[in-house]
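Novice: Protein chains in written order, with this note's numbering: chain A, 5 to 454; chain B, 8 to 439.
20 Å max Cα-Cα, derived SDA-like pairs, lysine to any residue: (1) A:Lys77 <-> B:Val218; (2) B:Lys373 <-> A:Thr58; (3) A:Lys118 <-> B:Val400; (4) B:Lys355 <-> A:Arg48; (5) A:Lys77 <-> B:Gly217; (6) B:Lys71 <-> A:Asp47; (7) B:Lys71 <-> A:Asp78; (8) A:Lys77 <-> B:Leu220; (9) B:Lys355 <-> A:Thr58; (10) B:Lys355 <-> A:Asp54; (11) B:Lys355 <-> A:Ser64; (12) B:Lys373 <-> A:Ala59; (13) B:Lys355 <-> A:Asp66; (14) B:Lys122 <-> B:Phe92; (15) B:Lys373 <-> A:Pro56; (16) A:Lys77 <-> B:Asp221; (17) B:Lys373 <-> A:Asp54; (18) B:Lys355 <-> A:Glu103; (19) A:Lys118 <-> B:Asp351; (20) A:Lys77 <-> B:Ser70; (21) A:Lys118 <-> B:Lys355.
Far from chain B, some chain A residues (derived; all Cβ distances over 10 Å): (22) Phe30; (23) Pro36; (24) Ser80; (25) Leu211; (26) Asp336; (27) Thr361; (28) Ile411; (29) Asn412; (30) Arg446.
Honestly, the hints are just simulated from the structure, not real lab data. The structure displayed is predicted, hence computed values, not measured ones. Note that beta-carbon positions come from the ideal geometry of N, C-alpha and C, so glycine has one too.
Here is how the chains run, residue by residue.
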Amino acid sequence: MRTNDNVVIHPQSDSTLSAKQLEDNFADIHPPLTDTTVGIEADRCYYCYDAPCTAACPTSIDIPLFIRQIYTKDTSGAAKTILDSNIMGGMCARVCPTENLCEGDCVRNTHEDKPVAIGLLQRYATDSVQSTGKQLFERQADTGKKIAVVGAGPAGMACAHQLSMLGNSVTVFEDKNKAGGLNEYGIAAYKTVDDFAQKEIQYIMDLGGIEIKTGMALGRDLTLGNLQKDFDAVFLAVGLAGVRALDLENECADGIQDAVDYISVLRQSDDLKNLSVGDNVVVIGGGMTAIDIAVQSKRLGAKRVAIIYRRGPDEMGASDVERKFAQTNGVDIHFWSKISQIVTNNNAVSEIVIEETKLAEGELKGTGKMHTMQTDSLFKAVGQLLDNEVDGINQLQCDRAKIVVDINRRTSSEGVWAGGDCIDNGYDLVVAAVEDGKIAARDIHQSING
Amino acid sequence: MADLTTNFLGIQSPNPFWLASAPPTDKAYNVERAFEAGWGGVVWKTLGVNPPVVNVNGPRYSSKLSNERRVIGFNNIELISDRSFETNIREIEQVKKNWPDRVIIGSAMFPMEEKYWLELIPEMEKAGVDGFELNFGCPHGMSERGMGSAVGQVPEYVRLCTEFCKKATSLPVIVKLTPNVTNVVPIAEAALEGKADAVSLINTINSIMGVDLDTFNMYPNTGGMGSHGGYCGEAVKPIALNMVAEIARNKKTSGLPISGIGGISSWKDAVEFITLGSTTVQVCTAAMVYGFRIVDELKSGLSGFLDEKGIASVNDLVGRAVPSVTDWKNLNLNHIDKAVIDQDACIKCGRCHIACEDTSHQAITKEKDGVRFFEVIEEECVGCNLCVSVCPVENCITMVAQTEGVDLRTGKPIVNTHSDWTTHPNNPAKVS
Chain A
5 MRTNDNVVIH PQSDSTLSAK QLEDNFADIH PPLTDTTVGI EADRCYYCYD APCTAACPTS
65 IDIPLFIRQI YTKDTSGAAK TILDSNIMGG MCARVCPTEN LCEGDCVRNT HEDKPVAIGL
125 LQRYATDSVQ STGKQLFERQ ADTGKKIAVV GAGPAGMACA HQLSMLGNSV TVFEDKNKAG
185 GLNEYGIAAY KTVDDFAQKE IQYIMDLGGI EIKTGMALGR DLTLGNLQKD FDAVFLAVGL
245 AGVRALDLEN ECADGIQDAV DYISVLRQSD DLKNLSVGDN VVVIGGGMTA IDIAVQSKRL
305 GAKRVAIIYR RGPDEMGASD VERKFAQTNG VDIHFWSKIS QIVTNNNAVS EIVIEETKLA
365 EGELKGTGKM HTMQTDSLFK AVGQLLDNEV DGINQLQCDR AKIVVDINRR TSSEGVWAGG
425 DCIDNGYDLV VAAVEDGKIA ARDIHQSING
Chain B
8 MADLTTNFLG IQSPNPFWLA SAPPTDKAYN VERAFEAGWG GVVWKTLGVN PPVVNVNGPR
68 YSSKLSNERR VIGFNNIELI SDRSFETNIR EIEQVKKNWP DRVIIGSAMF PMEEKYWLEL
128 IPEMEKAGVD GFELNFGCPH GMSERGMGSA VGQVPEYVRL CTEFCKKATS LPVIVKLTPN
188 VTNVVPIAEA ALEGKADAVS LINTINSIMG VDLDTFNMYP NTGGMGSHGG YCGEAVKPIA
248 LNMVAEIARN KKTSGLPISG IGGISSWKDA VEFITLGSTT VQVCTAAMVY GFRIVDELKS
308 GLSGFLDEKG IASVNDLVGR AVPSVTDWKN LNLNHIDKAV IDQDACIKCG RCHIACEDTS
368 HQAITKEKDG VRFFEVIEEE CVGCNLCVSV CPVENCITMV AQTEGVDLRT GKPIVNTHSD
428 WTTHPNNPAK VS
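One chain only, chain B, in its complex shape:
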């Protein structure tokens, strides 16, 4: 049985699965239930200054559903904790006493003035939190008041606020990043400059879920008027993975510990985040859709995976895939893949053909001897993977690397040496 315990910034957690700062960690009742279910830790719903914020009394959530009504994407306009600072502190203290082996991270969002941080962070520390997460990500409501993503979008503000917090505590400080920026790396660098111990990402993405086609009102809306929310859930995972990897492979920030967030709904998702540089992962939407019990699947799947791969602990998995991420210019232009269709598995739906024929390289047949037959024309195939992407049958079409002979498309011999854009003759800025 693999070891799921993790050490993140010196904080021990029985497993790497934490609940993100969000409605599931709003109060003692929820967090107690989460710990009973087996979650390794929680980032308590973000605390703000008194008086507490107020929420709308209409829809806070909305979802992008499949036709089978499975939640693919999720959006919310809920603000930070709408309960008083003291109530939260009292509950944190009690829950931490009840569950000393579990992690409670205190999430904070205060105005950009030092006095608030110096006053309130020590209060939270006294309540027994294991560390802090600074919410510089919330993209709705709070950002209009100069907090949340309004801070997270400006590197200088991020550095400044991180410094305020670090001044107020000796506990680890995690800076939570917003994806609503063109490049997340400078923000992570600013957090590091402010002496952040780690970053967590991503927070939610600005979003409107749709429009009611009868009323022409955007939704979700509050009595007809709506405001953008934050998008999360399975649909955002690829965006989150990229941002995690960008930070993990960036020279300045490589080695900065990461808590990965964004659409994690299975153990596989968690493994992907961990191999791209996260040490722990945070989950919200999957729990909001299915309940806290999903942690059973997460733990069992991760443990089984580690056993199968012969990897002793989660820490040994961290960052394993980071070296595979590079700039486009470094990709090997001598490498040649061709699609191969397994005729025994092919159900003859023709989707590969029409996709390739209409929108790609006209490299898949539609018939042979007058009957439906879908086969790759090697002379035309550029190895683009479109057919694999649209085929409804798993493993029916695979990309096979060509290692010898001649590429039938170009007529050129296949070589096993590396050659990339940096030295390509067509590159005006090539390295000679």
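This is chain A alone, in the form it adopts within the complex:
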């Protein structure tokens, strides 16, 4: 497997990275398989019966089938197999923690400790269709039904695509300027290069039957009541707009920001050289967002990047592969540590105080052992929250800050479905959001077309 060898993670102390170094640092971290390597890799698939990889995929892609199609050079057939189950199969091939999903359950792990590179094979197939723009789907006869989708992220767009295929008309309302949700604003840049998120959206839009209205937010420009009145059904895919706080004094000091906000700025930046990056960066959290902001900071040229996580490596939300990726990128991960104080100088963070933690009778406790860490940039990546203050959502039954849905993604309100990060689907993953959208769409279609 080829990797990007040009990454610069230890810049000279008083220099900033050159444009070339930045370009290398933010190039594709997993360059795609070539026509030669794809055949060899596809040949490694055992074409398992009732395959464990498929069972491990939240969207149940028939993985042995699509790999066999690649093997027999039916690449377009392979792409159809993937996209039938997961219209965002291209993005999922890039961002899925495959080591915990399909590749984690590959029988080759037992045989030789090296799974088939399912993610890269999936990318090969979907990219081949994406690059030609060949439309593999067509819409069924018009049902005359209209559905409102709130949020143009993976759940919303997957739902819209499925609904449109079934013959319904879909209007997608999106708060931001661009569709894509976290695919566009939230994922580390080197995981999805060349504006891939927008290309995937365009592929979905090329099916027809879908209209996206940007700059429209629920609670500000729209109410759930009106949507229910104007449309035959509503699918909420609003994500998690709120960010958890540290609940510490000085939390609003200069140099402190939400990781998701900075990642969004980074993803939308035309020139990474214009982005400011701290010398001593500290990230609080243990999930994928923490890893993404830490590694991207390092690759932007930060001298020292530390992640502060209150528990051990096994409890991290980020996968082992992600954690090791951060560590090999020069990120220092402090386990069993929590931030207990923010010290400021001229209203800017200058230092943090860290307390070691331990488990005592199953409960996480501070040990009282403290040390300080010089800090000029502090990122909060301690999780996002459903903004349930929003009018509309607060009428729905929620549990632990997520919208409650049934197996078909129906909410407590008649005619309203929900999916993606705003419900509790057991994952915080693109692939799970796509599955929500797909399941909800099928149920909506059946329900309104009787």
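Given chain A, work out where chain B should sit, using these hints.
Specialist: Chain B in isolation, oriented as in the chain A frame:
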């Protein structure tokens, strides 16, 4: 260190590995390189009458590749030597002088008229060949002109041409057989009747490698039009082994020396050919794919094998497996094998289950207590070996002979006596 020297028809060879009559033995340059690399002998590329044949100026070869682009099968439409008879004779003479301890067999393909054989065979003998191989196998081009496999497919022609050659020389004569026949045994018998000293087999199998799906032209082709070629390489080995064994176990031809050919690419393949009755083996495709250096692996592997088995020489290995080949009617119907899956080795791919479930005897489970679990159901297993054949893990599934108790499938006691079709009650022609 085992003795690799072989005596085939009185011809001494430092090892049993010869290069077959084919492009690798086309001229002095190649053969010199082969001998430097360590090959025991060569069958020089087939000589014909003047004027020499001409070859196409397009693809002569094509291959069946694995996805990793490893050559599995190989096909060619090259004709016999396209150089003059005299040029070849001159080169044979020189190379033989340079390498007196190596074998050079002269391969010949002349029209079916005695005069050619009486004139040309002595010329080759004078050049110093150790013996002759009569090319009655080439299946393309030459066969259209009444030679090669056109001769090899008709027992009477084989006998006749062999006689022509035997009349012209006192050196050993090997008849090379074509596999493009329904039964190779009568052809071998005809060669024997013509006083052949040995047979060599197999030559290549008629083949078309594929079709270009954009142009709908078969390939390989010469500017759009193609002609069938001869197929060889690893893929043909099982066919060749069977033909060798058929000749070795046939009453009339048993004892007729054999030079085995057909997809030999490792020392193991060579051992298989030798144990089924060959004294020497001939290699072409493996050399064309990897170069002459493969002879190092062939020699070292064979020598190591003989040492490990405590067998003194290659000659002691010849024909060791022939007694194990018989007609189906003689197979012991009382013998019972059952598949056994080693659960520690099983990777749970489920291929044994689906193969058995869909296409065989529904004798392998897919789960136990709600989890993937593949186990043989002895009550259903007929011992067919399909699961062993499809399992990706070596030795994970094995066939175990049942020697006592009851066969759970039939409910009948397992007996250790022999009983076969010849006496079976269902056989209308049974021996009473």
